[in-house]
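Enquirer: The residues making up each chain are set out below.
2 protein chains.
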Amino acid sequence: MERIIMKKLINHPDNVLKEQLQGMQLAHADLINVHFDPYYITRKDAPVKGKVALISGGGSGHEPMHGGFVGKGMLDAACPGEIFTSPTPDQMYEAAKAVDGGAGVLNIVKNYTGDVMNFEMAADLARADGIKVQNIIIDDDVAVKDSLYTAGRRGVGTTVLVEKICGGAAEAGYDLEKLSALCRKVNQYGRSMGMALTSCITPANGSPSFEIGDDEMEIGIGIHGEPGIKREKMKSLDEITEEMTMGIIEDPAYTRKHKEWSFEKDEWIEVEQTDEPFQKGDSVIAFVNSMGGTPVSELYGVYNKMNEVCEKNGIKVVRNLIGPYITSLEMQGCSITLLKVDDEILKFWDAPALTPAFRR
Amino acid sequence: MERIIMKKLINHPDNVLKEQLQGMQLAHADLINVHFDPYYITRKDAPVKGKVALISGGGSGHEPMHGGFVGKGMLDAACPGEIFTSPTPDQMYEAAKAVDGGAGVLNIVKNYTGDVMNFEMAADLARADGIKVQNIIIDDDVAVKDSLYTAGRRGVGTTVLVEKICGGAAEAGYDLEKLSALCRKVNQYGRSMGMALTSCITPANGSPSFEIGDDEMEIGIGIHGEPGIKREKMKSLDEITEEMTMGIIEDPAYTRKHKEWSFEKDEWIEVEQTDEPFQKGDSVIAFVNSMGGTPVSELYGVYNKMNEVCEKNGIKVVRNLIGPYITSLEMQGCSITLLKVDDEILKFWDAPALTPAFRR
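Residue numbers (the numbering used here), protein chains in the order written: chain C, 1 to 360; chain B, 1 to 360.
Hints are computed from structural coordinates only; laboratory data are not their basis.
Hints are supplied without guarantee of correctness; some may be wrong.
Copies of the same chain look alike in the list, so a pair counts if it fits in one copy or across any two.
[Said to hold, decoys possible] Taking lysine to any residue and the SDA-like style, the derived pairs with C-alpha atoms no more than 20 Å apart in a straight line are: (1) LYS97 x PRO47; (2) LYS185 x ASP251; (3) LYS235 x GLY206; (4) LYS178 x PHE263; (5) LYS18 x ARG360.
The following block holds chain C by itself, in its conformation from the complex:
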């Protein structure tokens, strides 16, 4: 094969995903099984009898999400697409068959057109085999509606929190209906915004996904480098953090329409949901995420200012998650997610988990 020169630790771009998944299998053989044709990752003890199985998936390049969250207390399976490319329905269908323990499957789907469409097709295929399947769409990015790859809001940081919380509830015996309701609620309670300092290089392109000046940053960026709210001159940590945090806190009520499966009507129906804005007195989980290339030290700086802004606005941070969990390859930047909590959400956030990238 020809030598491809780019500043990444890879061999030929065609083999990147396969080789990385081989490494993951070798490293975490005690927790997961990686399947290669098609690609999907299952927890070691799948299928777990009587437990609703949680599946997520999406383009690769956002690691550790989703494969790193497969294991006890989080996902039963993850379906990695090629980098920044939706996985295919056959991956999701094979995963569903592999992990269904008789109590059905909940697909957690980030709101990107390809992901939504393919998870629908996969649900139909699995249903034809007698597997109960529900799809819940995550769309928490307050920065933009109708972006490059999305109708409506994009699904970003809340997805990680959903996977932990619903994973805990599934482990505790929630049935598919109750788990779907919890998943919907967490999505409605969660809001995120991201920003980037640098671009990233996908192996297939070998050059930066977008250009950004040495003194510029992009506010409201998506996890594939999709344009955000604005491109502007670099600002201070305090200014950036305040802008993002206030963008989340002041985000108005949002009404979404998504297709969900109606078990009564035996068909896909359009479901409308409205999430209420944050209010003084809310308690939240605060998730400060690295886009990949930003070190955790800088995230602590963000967390420090974010906490101050929350306090000033009557929002109490009761739990946190800080680190690179939903990334865009080596992009520098960060995102903030605030998730309003109640007792049910906190209980399952605090529940044990044992996965390659998250342990409690």
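Model the placement of chain B on the given structure of chain C, informed by the hints.
Expert: The following block gives chain B in isolation, referenced to the frame of chain C:
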């Protein structure tokens, strides 16, 4: 204050460390206490009566090391210097007084001239207060001897493994002498090599620490961007990984001389130790570390090839650690550490730990 423009999530460079430590305190108030004058971080329940206290420290910019490893089963205290700058003796001295539970203190010191000198002074100060203190130097980087900031080998990845293993042993009741012996052994059994694809920006400088071409990489680099073995054209993942892994496996016996405290003679003495090269049949913990900016997906690619090279050479990988644990700010690149294990080392590697950055 004047506005400083650089592509980092920071306010004024003078406040970076303070603000990040404030964020850390807020985020992990259940696990640690951050002290601000001078800076040091202690585990929440320090001092633990009857347990030897483990202290480490070094320049900041390598997060999560060391502050992220403070907590049950790892460090009792960490002393963060300014970025890429040794902490001062008074930080280490105050930390020793705060965490000594009557069984003495073991200082784990990476082999950089400033760190070694300051930890010696701190040990003398603590000893004058009646605290038993030993210093063990970590020097595991096989790439270069006598680098920019070091006489002899630099201390790198093995430090993380030492902190976990000795932390487990301290928790299990090892006295200072036994713990010092284990620490020495882990250092003798561990070897590392690093490489960089990009430079990094320290807030104090505001510009890249060193220049590196768009098609170049540096093999054998240090965690402060110190020059390595060679600057060369970008190679494939397989070539880079093979070169680093073989560099570690084929590294010959190394003889070090360090000062340690003799409790018999009541003075610092020079101790000579020789570590033996790896041999066919050795079992190892393999640690694939991101320098900060390299995403975990690429580390899995490195792990995959590294495992193959180890197998070919009769080295069996029995445990692993993969992620950004000892970093150089946002530098892209990775390091590999192989640590020969025996039953004692494995037992404490597998022991529980509860810290901001490492949980088991």
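Enquirer: All hints are to be evaluated individually against the structure, with a verdict given for each.
Expert: Against the structure, the hints come out as follows:
Taking identical chains as interchangeable, the C-alpha atoms of LYS97 and PRO47 lie at most 20 Å apart only when both belong to the same chain, with a minimum of 9 Å there against 52 Å between chains. Taking the shortest alpha-carbon separations for LYS185 and ASP251, only the intra-copy value of 17 Å comes in at or below 20 Å, while the best inter-copy value is 56 Å. For the identical chains of this complex, LYS235 and GLY206 are inter-copy neighbours only, at 14 Å across copies versus 29 Å inside a copy, given an alpha-carbon limit of 20 Å. Taking identical chains as interchangeable, the C-alpha atoms of LYS178 and PHE263 lie at most 20 Å apart only when both belong to the same chain, with a minimum of 13 Å there against 64 Å between chains.
Taking identical chains as interchangeable, the C-alpha atoms of LYS18 and ARG360 are never at most 20 Å apart, the minima being 29 Å within one chain and 28 Å between chains.
Checked against the numbered hints given earlier, the structure breaks only hint 5 and satisfies all the rest.
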